[in-house]
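> Got chain A; can you put chain B on it based on the hints?
Residue strings, one per chain:
Protein chains: 2
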Amino acid sequence: MFEENPLEKIGQEAQKASWKLAETNTAQRNQLLEKIADKLNANIEPILSANQKDLQTAKDGGMSPALMDRLLLNTERIKSIIADIKTVIGLNDPIGEIIDSKKLDNGLELMRRRVPLGVIGAIYEARPNVTIDIVSLCLKTANAVILRGGKETINTNLTLVSLIHQALEECKLTKNIVQYIDNPDRKLINSLVRLDKYVSMIIPRGGQKLQEFCQENATIPVITGGIGVCHIFVDKSANQEKAIEIIINAKTQRPSTCNTLETLLVHKDIADPFISNLSHALKRQQVTLHISPEVKQFLPEDGAAFVEVKKEDYSKEWLSLDLNLKLVSNLNEAIDHIRACGTQHSEAILTNDTKQADIFISQVDAAAVYVNASTRFTDGAQFGLGSEIAVSTQKLHARGPMGLEALTSYKWIAYGDYTTRA
Amino acid sequence: MFEENPLEKIGQEAQKASWKLAETNTAQRNQLLEKIADKLNANIEPILSANQKDLQTAKDGGMSPALMDRLLLNTERIKSIIADIKTVIGLNDPIGEIIDSKKLDNGLELMRRRVPLGVIGAIYEARPNVTIDIVSLCLKTANAVILRGGKETINTNLTLVSLIHQALEECKLTKNIVQYIDNPDRKLINSLVRLDKYVSMIIPRGGQKLQEFCQENATIPVITGGIGVCHIFVDKSANQEKAIEIIINAKTQRPSTCNTLETLLVHKDIADPFISNLSHALKRQQVTLHISPEVKQFLPEDGAAFVEVKKEDYSKEWLSLDLNLKLVSNLNEAIDHIRACGTQHSEAILTNDTKQADIFISQVDAAAVYVNASTRFTDGAQFGLGSEIAVSTQKLHARGPMGLEALTSYKWIAYGDYTTRA
Numbered sequence: 001m002f003e004e005n006p007l008e009k010i011g012q013e014a015q016k017a018s019w020k021l022a023e024t025n026t027a028q029r030n031q032l033l034e035k036i037a038d039k040l041n042a043n044i045e046p047i048l049s050a051n052q053k054d055l056q057t058a059k060d061g062g063m064s065p066a067l068m069d070r071l072l073l074n075t076e077r078i079k080s081i082i083a084d085i086k087t088v089i090g091l092n093d094p095i096g097e098i099i100d101s102k103k104l105d106n107g108l109e110l111m112r113r114r115v116p117l118g119v120i121g122a123i124y125e126a127r128p129n130v131t132i133d134i135v136s137l138c139l140k141t142a143n144a145v146i147l148r149g150g151k152e153t154i155n156t157n158l159t160l161v162s163l164i165h166q167a168l169e170e171c172k173l174t175k176n177i178v179q180y181i182d183n184p185d186r187k188l189i190n191s192l193v194r195l196d197k198y199v200s201m202i203i204p205r206g207g208q209k210l211q212e213f214c215q216e217n218a219t220i221p222v223i224t225g226g227i228g229v230c231h232i233f234v235d236k237s238a239n240q241e242k243a244i245e246i247i248i249n250a251k252t253q254r255p256s257t258c259n260t261l262e263t264l265l266v267h268k269d270i271a272d273p274f275i276s277n278l279s280h281a282l283k284r285q286q287v288t289l290h291i292s293p294e295v296k297q298f299l300p301e302d303g304a305a306f307v308e309v310k311k312e313d314y315s316k317e318w319l320s321l322d323l324n325l326k327l328v329s330n331l332n333e334a335i336d337h338i339r340a341c342g343t344q345h346s347e348a349i350l351t352n353d354t355k356q357a358d359i360f361i362s363q364v365d366a367a368a369v370y371v372n373a374s375t376r377f378t379d380g381a382q383f384g385l386g387s388e389i390a391v392s393t394q395k396l397h398a399r400g401p402m403g404l405e406a407l408t409s410y411k412w413i414a415y416g417d418y419t420t421r422a
Numbered sequence: 423m424f425e426e427n428p429l430e431k432i433g434q435e436a437q438k439a440s441w442k443l444a445e446t447n448t449a450q451r452n453q454l455l456e457k458i459a460d461k462l463n464a465n466i467e468p469i470l471s472a473n474q475k476d477l478q479t480a481k482d483g484g485m486s487p488a489l490m491d492r493l494l495l496n497t498e499r500i501k502s503i504i505a506d507i508k509t510v511i512g513l514n515d516p517i518g519e520i521i522d523s524k525k526l527d528n529g530l531e532l533m534r535r536r537v538p539l540g541v542i543g544a545i546y547e548a549r550p551n552v553t554i555d556i557v558s559l560c561l562k563t564a565n566a567v568i569l570r571g572g573k574e575t576i577n578t579n580l581t582l583v584s585l586i587h588q589a590l591e592e593c594k595l596t597k598n599i600v601q602y603i604d605n606p607d608r609k610l611i612n613s614l615v616r617l618d619k620y621v622s623m624i625i626p627r628g629g630q631k632l633q634e635f636c637q638e639n640a641t642i643p644v645i646t647g648g649i650g651v652c653h654i655f656v657d658k659s660a661n662q663e664k665a666i667e668i669i670i671n672a673k674t675q676r677p678s679t680c681n682t683l684e685t686l687l688v689h690k691d692i693a694d695p696f697i698s699n700l701s702h703a704l705k706r707q708q709v710t711l712h713i714s715p716e717v718k719q720f721l722p723e724d725g726a727a728f729v730e731v732k733k734e735d736y737s738k739e740w741l742s743l744d745l746n747l748k749l750v751s752n753l754n755e756a757i758d759h760i761r762a763c764g765t766q767h768s769e770a771i772l773t774n775d776t777k778q779a780d781i782f783i784s785q786v787d788a789a790a791v792y793v794n795a796s797t798r799f800t801d802g803a804q805f806g807l808g809s810e811i812a813v814s815t816q817k818l819h820a821r822g823p824m825g826l827e828a829l830t831s832y833k834w835i836a837y838g839d840y841t842t843r844a
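Listed in order, the protein sequences are those of chains A and B.
Residue 1 is where the first sequence starts when you use the numbering used here, and the numbers rise one by one after that.
Residue 423 is where the second sequence starts when you use the numbering used here, and the numbers rise one by one after that.
Hints listed in this document are in silico derivations from the structure and should not be mistaken for laboratory results.
Fair warning: there could be bad hints in the mix.
Beta-carbon label-pair distances, calculated as ranges [stated by the list, open to error]:
# : chain 1 : residue 1 : chain 2 : residue 2 : range
1 : B       : Asn447    : A       : Val307    : 40 to 48 Å
2 : A       : Leu104    : B       : Asn754    : 27 to 35 Å
3 : B       : Ala464    : A       : Gly107    : 36 to 44 Å
4 : B       : Lys609    : A       : Arg339    : 28 to 36 Å
5 : A       : Gly107    : B       : Lys431    : 51 to 59 Å
Partner residues are not named here, just some residues of chain A that face chain B (Cβ under 10 Å, in silico) [to be verified]:
#  : residue
6  : Ala243
7  : Ala250
8  : Gln297
9  : Ala348
10 : Ala357
The model shown is predicted, which means the values in this text are computed figures rather than measured ones.
Glycine included, each C-beta is placed from N, C-alpha and C at the ideal position.
Bound-form chain A, shown alone (with noise of 0.2 Å):
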């Protein structure tokens, strides 16, 4: 307990760094973030060869295709990336907005103002993309911010991080502002997430055990998330004939996200025909269906690929084209299934029947509830957010995705005439 924390000096650093960073007004931070898009884009080739780099070791290690794509970096992909630090500097500044005012019965003008969070903490796996991603954000909330990368994109993220660096020291802000853990210890995520003398928040991007190693370790506020076991709910009332498009796009737009469908829950009156017309539609999409024993009277025998679910398969984020596929006797079957199997991540209902609707909305509790939409929308750009920093699946702070408004506190400020309290 006392002993030193390896992380402290670039704790402390990083807690003086976004005392000056938050000095600065919008205009210098959109600057900031120009200059950053300039040094990617002059710096195409060196950036290219870094990653290079990365993917012969990960090539060497025997790391799979569909991973090593996740790695990759090209001309189009860093020109994508630049657009996006594009797109944040166009978005609307929170830090300085006045959230509400008003004046006391004792005269002290009363006001609450956002602020930057000062340091958050960053853990995260391959895509390098997502370095850039989170510092924009963070600079733009003038927030100062500690990566903690994957050792699989090191090279990579080092070339980013020292293009950042130059970025800001010709903007004549220090480079703590942007800090990098380079050292593979596993054991200095421990440390990252014990700074709670200089870190507001930690935000781990990556898989279950990375969530819960945090959970259970830090001393500081977690942002959780991006576990995502969505269901849809078809109803009696639904269009059918639509019904099957929402669950071919919720399941096979890109099947790697975290707000796919994993699990169909059907309302039983209509699994003759809906069960087999679907099943025709998801054979087209090379989806193997994951069945609770009574639907296999409703398929047909040239239809999808299936086997029978097991009980835990409900609770599993497939991340691939396997679909779980269970009948209801009705709305309150569902929503209790989703209570106990989901992830409280997004929960959609397809119904023509309003009253379903709103006894779904308010009874299922997840970041993202839809009405006859697909469970693929629950994302910061698709929200208009512009961009996120994560999608949370906790209750506190921030909810779904979370874009710059996430990144930001309030202090309460209050003038007075010299007031006292009576």
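Below, chain B alone, put in the same frame as chain A:
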């Protein structure tokens, strides 16, 4: 890690109860609060007699009169608790409020709706009115709550909770909406803060040790706060006579509270005669000064008592008629001192120079920042929130006095017309 949490069942029941409670409307919840007020009113005698038991045990155990006074209920105090319930009934219910809504280009109607957090865990000490404060704010916002009060108040608390249970039952609601952990085993605090499957937020209302314990051991987001090492900086342009009134108010109006002034920073240019005048005024209030060496030359012989300050005193929450006093050369030195020793609670500048005020406001990082006002205003009732569940000194979710809004989260709701993502 795989041991069953001894509070598992309590957590589970609380979550189920929270789902039921979430189905009630504002009128029903206000009715429930009315019923609780009625029960208290009709049972003043049994409450007082339970309180007598606690007082007797406290006396036998040698509790100090000051602490016993915190424990004490009398008819007047119960009436005042009942009045507080009525205040909460009169407050606007934030649940169901639409925070923002927009129609996206693809036709999706997107909005955020305020919802209860679900289940709240509250750990607190001594004062029995806190039980009713927490319960009424939680019930108003449709949150279930698990209470863990101090063992000194156990008889009073159990009587209060049994009256709340009667009210719940008469309103046809499950009494699991308000559960009380009556087992005095301190290990159960550790169990409570690890019920992350069921509980959304932990509020530890107590001293630094309790706060640190929760930060260290909780797997649920914790709201830390309530520790206030508050400062006032008297700038050279301040109205010195009025400054003294503010200092007296901030230090002596109720010294045992967290928003009380603990360290006074005075611009050296006004040390003479300000320090001398102040010292005379503080003497009348029986304040003892803890001074840095350079202050001594300005102190009159017939002024307030003083001792030399120790370095660690600057980080101490005196909660008594003691006051640290230090000279600073300028605003920056004051800000540096506050950054080093403050607890981000309440900080004030007294100045007639708006530029200095602006710098102080933006550079001092605290829940509440005051210009020409006493720090004593940081309080839910004073800020017009009606009441408060705690005063947060962290930056996530809620900062400063936490009223009803701080007991809510939101969900994203999207209505489509069988809308798919392109």
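> Can you give the numbers of the hints that this structure goes against, from lowest to highest?
8
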